[in-house]
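Chain by chain, the residues:
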Amino acid sequence: MLGMSANSVSYNEQGSVESGVDAAQENSSIPGSFSSGGAAFSLFSADCKKNEDLKEMLESNKESLKLEAMKRIVGLIAKGKNASELFPAVVKNVASKNIELKKLVYVYLVRYAEEQQDLALLSISTFQRALKDPNQLIRASALRVLSSIRVPIIVPIMMLAIKEAATDLSPYVRKTAAHAIQKLYSLDPDQKEHLIEVIEKLLKDKSTLVAGSVVMAFEEVCPDRIDLIHKNYRKLCNLLVDVEEWGQVVIIHMLTRYARTQFVSPWREDAMFDENNEKAFYDSEEERKVEQTKPYIMDPDHRLLLRNTKPLLQSRNTAVVMAVSQLYWHLAPKHELSIITKSLVRLLRSHREVQYVVLQNIATMSIQRKGMFEPFMKSFYVRSTDATHIKTLKLEILTNLANEANISTILREFQTYVKSQDKAFAAATIQAIGRCATNISEVTDTCLNGLVLLLSNRDETVVAESVVVIKKLLQTQPSQHSDIIKHMAKLFDNITVPMARASILWLMGEYCEHVPKIAPDVLRKMAKTFTNEEDIVKLQIVNLAAKLYLTNSKQTKLLTQYILNLGKYDQNYDIRDRTRFIRQLIVPNEKSGALSKYARRILMAPKPAPVLQSAFKDRDRFQLGTLSHTLNSQASGYLELSDWPAVAPDQSVRNVEVVEPVKEAGAPALRKSKTAKSNEKFYSDSEEEEEEEEEGSSSEGSSSSSSEESVSESESEENSDDSNKSSSSQSEKSSSESDSEKKKKTLKNKKLQQQKPDSKDRKQKNGNAVKVESRSESESGSESSSSESSSESGSELDSDSDSGTDQKKNTKPKPVQSKPFIKQVEKKEVSLLDLDDFSPVPVTTPKSSILSPNLLSDLQGLLISPTTSALQASSPVFVPETSHELLHRMTGKGLSAQYRFTRQPCIYGNSMVSLQLTLSNSSDQALENIHISEKSSTGQNIHRFNAIERLEPQASVTVSMGVDFNDSTQAANFQLCTKEDEFSVSIQPAVGELLLPITMSEADFTKEQGKLMGMNESSATITMTPENVSSQSVNRKVVSVANIGVIPSSQENIYRFAGKTVSSGSLVLVSVALKDPDAVITINTEKTVIGSMLLRQFKTALTNSCP
Amino acid sequence: MIHSLFLINNAGDLFLEKHWKSVISRSICDYFFEAREKAVEPDNVPPVIRSPHHYLINIYREKIFFVSVIQTEVPPLFVIEFLHRVAETFQDYFGECSETTIKDNVVIVYELLEEMLDNGFPLATESNILKELIRPPTILRSMVNTITGSSNVGETLPTGQLSSIPWRRAGVKYTNNEAYFDVVEEIDAILDKSGTTVFAEIQGVIDACVKLSGMPDLSLSFMNPRLLDDVSFHPCVRYKRWESERVISFIPPDGNFQLMSYHISAQNLVAIPIYVKQNISFFETGSSGRLDITVGPKQTMGKTVECLVVTVHMPKVVLSANLNATQGTYNYDPVTKILLWDIGKLNPQKLPNLKGSLSLQSGAPKPEESPSLNIDLKIQQLAISGLKVNRLDMYGEKYKPFKGVKYVTKAGKFQVRT
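The listed protein sequences correspond, in order, to chains B and X.
Letter 678 of the first sequence, counting from 1, is numbered 678 in full-length UniProt numbering, and no numbers are missing.
Letter 187 of the second sequence, counting from 1, is numbered 187 in full-length UniProt numbering, and no numbers are missing.
Treat the hints with care, since some could be wrong.
[Unchecked claim] Here are the simulated lysine to any residue pairs, SDA-like style, with alpha carbons at most 20 Å apart:
no., chain 1, residue 1, chain 2, residue 2
1, B, K893, B, N655
2, B, K370, B, I339
3, B, K231, B, V653
4, B, K378, B, S350
5, B, K342, X, L228
6, X, K413, B, H351
7, B, K310, X, L228
8, X, K378, X, G344
9, X, K398, B, T1021
10, B, K79, X, N10
11, B, K81, X, D104
These aren't lab readings, by the way, just hints derived from the structure by calculation.
Source: prediction; values computed, not measured.
With the hints as constraints, model all of the structure from the sequences given.
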C-alpha cells in the first residue's frame, strides 16, 4: 500500500491522503504496543515504516500533506521519540510559504540541528535571506531560529546577524537580538568581547520591549561590567514600570546588585553598633567615627530606585512582588521596610509553590525583624489542608515571631497542631515549642510541663520528639527537674525511637547524681539489650556506663566492663573505637598515664545548654528571592551581593548629558517635536503607515483613536497656565528626582542665557514642566499606545532641545570653524547663479557646503520658478530653529549628527526636501571620511553631501543635503559612515516639512479651493484658547507647523494659507475660520493623507495654550 | 533560564517534553520521581528539587506536574509564576488544562511553548498577543483549515507586542459592546471548637469580561474604596490614578481577564456567614464513635447560603459511617477517609443536621486527633466585605456599552477545628 501511495502521490491525491490517514491510525496504535512491551522485532519494523511514510508525505508537493506530516513529527518530538533521520526531508521545507509549516520546520530544526550539523547548514541561507525581510516578525523569527541552531560553524554569521539586528528599526527585532546574544555566548564564549559591545549598544535602547531582554543578556554574559550600567541607570529606573513583567524581575535583581556597589549603607544605627563593637579592635579608626556622626543623606539615585520600584509591589506577578521585596530588604532604610510586608502576606494566597518560596523568604526576614510580620501573625496559622512543607515553614515563622506578648496565643495555637493527623508536623510543632521555651524564659516551665504531658501521648513520634526536646530543655536547669528525669526513665521501656532512647540515656548519665538509684538499674537493663540496639543508642549506653563507673563504681563496675566488652566486638567501628577510648580513659592502668586522672573532669564537665535556633539562621547570607536562598546552598551562577561600600563611588558617572530646552521656539516647538516624534513611532513600520493613513483619511477629520487621545491628553495638560502649574507641582511632588533634574536644567539655562529677559526663562520653565509631566505620566505606565511614544518623546525631547542649544553653541561661538564654510558658500554662489533651474547639480567642491537660509531666500528672488503665476512660490514665513537628532554621540562613537529642515526649495532637485545637517565630533580623535553610504535602504532618492575628509575633535561642521520623501512621512534611512564605522540613521519628516509655501491671490485661492472639494477636503472644529485668537498667533502657529505661505485675506476672521507638496507639487490649501470661541480648520488637497495628518497637527497646535 | 519542560501525569508518565536550549535527557526526571515517591501526596512534592547539575522547579496543577529544568541561578518564583502562566494559557486555549487536551492539541501546545519562551526567557505571555500569533482551536476553524489548508498561525507581528499596551490587540470589533465585572470574594477563616473565630480574612478578585470595540478607556469607581488597602492589579491599571483618586482607570484587554485582586486582612472584622455546631467523638471501647453536625446561618446579610458542602477528613482508623442527614446527601469514602456532606441551600427555618455513628477498625486505639471540617458555600449577590461598585465610565469611544456587575461570596479556606 505504501509503495502504491508513493507512486500515486503526485497523480492521485485522494489515494495519498487516505494512506496518510491509514498510517496515522497505524501510528496511534504503536505507542500502546510500546508500553505493553510487545515483540521488539515487529515494533522495530513498524517504526521504520512509519518514518518512511512521513518522508513520503514531506516529499509530496501538497502543502496540506506536508503540514500533516510535520504535525505528526512534532508530536513525536513532544513525546521524546527520535525523529532525527527525517532531517533531510524536513529541512527541504524550511523555505515553505506556508507559515505554519515553516514554524513547525523551525521547531524541528532547532531540536535536531545540533545532531545533524552538516545538513543544518543547508538551511542557513534561508534565514539569512529572511533576516532582510520587510516583515519584522519574519526578521525576528529568522534571527531566533538562526541563533538557536547550535552549530559552531555559523558563529560568524550569527555574530553578523546579531549586530545588524541590534540596530534594526523594530524594537521587537532588537529584543530578539538581545536574546540571541545569550545563545551565541553559550555556544562560543570567545565572542564575549564583541557581544559586550552589542550589549552596550542595546542597553542604551529606549524601548521598554528591549530593556528586560538586554539586561538578561548582560546578567548572563558580563554581570561584572557594572560600568556599563552607570549611564543607563536612571533610564532603567524610569522605564521600569513600563517594562513587561519578566523583564522587571531581571532588571530589579540587577539593580539591587548595582546599588549595593554604588551607594553607602542607609542602615545607620546598625552600622553604629558594628562600629562600636569594632572599636575595641580598631582604636585608631577615629575618622570613621567622625564620619558616623555626620547625618546620612541618601543618594538621589538610590532614592529614585526605591521610589520607582514601589508601585510594582502591586503587580499581579508574584515574582515581581518578591523581587521588589528583596530589593527593599537589601537596599531600603530599615524604617521603610514595612511597606513590603503586606504584599508578601498577600502572596500567601497564591499557589502552593509560590507560598513555599515566599514563606521561606519571610522565615529569613522574620529572624532579623520580628516586628515586620508580627501584626500578620494570624496569616501564618496552619490549616490541616496545607502541604507538609508549607506547614513546617509556617511553624518556623510563628516560632520566630514569638515574644513575651504573643507567646500565649502562639502556644495555644501550637496545642492544636500537636493533635494534628500529620505526625511529622506534630513532631515539628514539639520542636517549635522547645524553641519558644528556651527563647522566652517566662514560659519555659509551662512548656516543659506541656511537653511532659505529651510523654503520655499514644503516638510514638510525638513522644520521642518530646523526649528529645525535653532533654534539651532540662540542660538549662537540671537540678529542679529530677522528677521529670525519673518519669522519663519509667517511659524508657515503651519508647522505641532510637533518638529518644539515646536522649534519655544521655540524660541519665549526665544527671546520674540526681537519680542515683534509677540510673544503675537502667544500665542493667541496657546491658541485656545492648546487642539489639541501634548504633546511636549503643554509643549512649557506653557513655552512661562510663559516667556511672566514675560516680558510682561500686554498683556498676561489672556492668561497665561487660558493656565495654560487648562494645569491643561490635560490628560498628565507631562503637569499637569509642569503647577503646572510654576503657583507656576510665580504667586506670600503667599505659593510660595522666589522662585518666582527669577522666571525671572530662566526662562530667558541665555542658552548656544547646541553643535552639532557627534553621533559617544563616540563610541571610544569600540574597533573598534567589534559588540559592531557597536551596540554602550556592547555586551555580549565583552572584554574591556585595557589601555596602564604605565611601560611595563617584556618583557623577550616572549623569547623562544635561538637558536644556530650546530657547526661542519655546513650547510650541517643543510640542511640535513631540508630535513629530509620535509620528515616528506610529510610522516606524511601512505597513503600519498605510493602515494609519487609511484610517486617517476615512474617519472624517478625526484621526485614529490612539493618537487622538494623546492629543486630548496634551490638551488637558496644557489647557491653561494654571493647570499647567498645578500639574507640574504635582509632578514635582511625585518625582523629586525629575524635580532636581529640572532644577539642574533651569540652572543651566540661567547660566546659558543670562542676557535673556526673564520672561523667556519662565517660558522654559514652563516647557520643562510639560516635559516632566509627560514623563511622570509615562511612569504611570498605562496610557494608550501613543503614550509610549509620548514617554519616549519625553526623553527624546530632552535630546532634541539639547541638540538645539548645542547646535547654537557649536555654530555661533566657533567662528574659526565656520569661516572656511562661508568661503565655500561664496564660491558656490557663483556656480549657483549660473543655473537656470533646480536640477540636481553634481557638486564638485571637495568639501561640502552650507547654505544659510538667508542666502537661499535671496537667491530665490533671482530664480525663475517653474510654477505658474497663480501659484507663485514664496519664501518661507517661518523657519523653525529646532533640530532633530540623527545620531547620538554615544551611538555614533563620538560622532553626533543633528538635522534641521531649512524649509527652502532644495537646490539639488525639485522634488527634494532640503535639510541641514550638523555633524560634531565629541570624541577625542579626529574622524575621517564622513559620508553617506551609497545604498539607501528605503529607496528614497537622497542627495548626499560630499564626504568630509576630516573632522577634528570637538569640531562641528554643517552640511546640507536633499531627500525626496515622495510626499510621504516614511522615514529616510541611510548609513552615515566614517572611515571605521557605519551607523544606520533615519530622518523622519514631519508632514509640514513636506510642503513649500506659495503665494496666490485670494480669488485664486477660493477658485482652487472650489476645485478641491468633497473627498479632497478635510475639516475639523476646535475650541480655541483665548490667547490664540489673535491673527498673529494663528498665523504663527500655522506656519510653525507647516511650511506654507500666508494668503492675504479680506475677511477678518478667516485666515488662509497655501503651499504645495514638494515632490508632486499638489496644492495644499488651509483656511482657519474663527467663530468665537470655535474655529473651523479646513484643508483642501488632493493628497488626502497629508491633509488629514496636517489637520491633526493643526488641531494640536491651535488648541494648545501659548506658553 | 528555563532549559527544558517536562509534563508528567499523576501516574508518573512523562507525556510531553520541550527543550529551549540543548536537549536534556529525560532521565533527569528520575530526581523528580524520587522526590515524588518520598512525598506520598502530590501536594507534598517540594517545588524545588536539586540534582547534581540541574535544579528542577515544578508545579502541580490539574493533576499534571510541570517540571522545568534550570541550570543556573534564577529567582524560583520567576519560574513558578511562568509555569502557572503556561497552565493558564492552556486552560484559556483548550477550555481545560488536562493530559487529554494537551495530548490532543500537541501541535498547538508546542507552538505556544515556542512563542512563550525564547532561549528560556519569557517572550510573549499575554493571552491577547498569543491569540493573534496562534489562533485557538475551534471546531469550525479546524474544519475550515482541513478543507482550505489555511493555518492557525498569524503572519504578522501582533500589534500589541510593540505598543505600550501589549495586553490589548488592535482593531477589536463587536456588534454588542458589553462589559461585565464579577466581584468574587472568598472567606478564609479558621473557627475553633467553640465556634469563635481564630482568624478570618477576605480574598477578593474582580474578574472582568470586556468585549468592547476599539480602544475604550474605562474607569471603575467604588462606593467604599477605603476598604481596599491591599490590592494588586492587572498591568493595564494606572496605578498613579488609584493612588491619588482611588479610581481604577484602565484600557482593558480584550476578553476575560482578572482586573484586580484584593485582600482584606485579619485586622478588619470579617462577617462569618454561618456557624457550625459539631461533636465528633470516639469511644474508648467498642471501636466506634459518634458524629453530630449542625449548620446554621449567622451573618448572611439577608441572603441565602447556597451550595453548602461540609468535608471531614476522618482519622485513618474510621472504617465506615452510618449517618442520617436531615437535608442533602452524605458520602463516606473509606479509601481517602473523606466524609462529604452536600447540603445545598441552607434553610434558616429547618437547620440541616447530620448525625450517626462511626465504626472504627477493631482493636485499634482510639484516635488521638480530632478531624477538622472544611466548609464550602456560596452566596449570590453579596460581597461579604461590603464592597460596592459605584459606576463604570467609558471614554475614548462613542458607542454605549452594556454594563453589568455581579457579586458572589464563597468560602475559601474555611475550616472549623474540632
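query = Does the alpha-carbon distance linking B:K81 and X:D104 stay inside the 20 Å limit?
reply = holds (17 Å)
key: Hinted pair B:K231 and B:V653, Cα distance within 20 Å   = Holds, at roughly 7 Å.
query = Are the Cα positions of X:K413 and B:H351 separated by 20 Å at most?
reply = holds (13 Å)
inquiry  = Check the hint pairing B:K342 with X:L228 against an upper bound of 20 Å on the C-alpha distance.
reply    = This hinted pair holds, its Cα atoms lying about 12 Å apart.
query = Would the pair X:K378 and X:G344 pass a check requiring their Cα atoms to be no farther apart than 20 Å?
reply = holds (10 Å)
inquiry  = Between the alpha carbons of B:K378 and B:S350, is the straight-line distance 20 Å or under?
reply    = holds (17 Å)
inquiry  = Check whether the Cα positions of X:K398 and B:T1021 lie no farther apart than 20 Å.
reply    = It holds: about 17 Å lies between the C-alpha atoms, which stays within 20 Å.
key: Hint consistency between B:K310 and X:L228 [alpha-carbon to alpha-carbon, up to 20 Å]   = Answer holds: B:K310 to X:L228 is near 17 Å, not above 20 Å.
Pairwise hint evaluation, X:N10 against B:K79, where the allowed Cα distance is 20 Å at most = Roughly 17 Å between the alpha carbons, so the hint for B:K79 and X:N10 holds.
task = Below or equal to 20 Å on CA atoms is what counts here, so check B:K893 against B:N655.
result = Satisfied, since the Cα-Cα distance of roughly 18 Å is no more than 20 Å.
request  = Assess, step by step, whether the Cα of B:K370 is no farther than 20 Å from the Cα of B:I339, and give holds or violated.
outcome  = Judged against 20 Å, a Cα distance of about 14 Å means the pair holds.
Of the numbered hints listed earlier, not one is contradicted by the structure.
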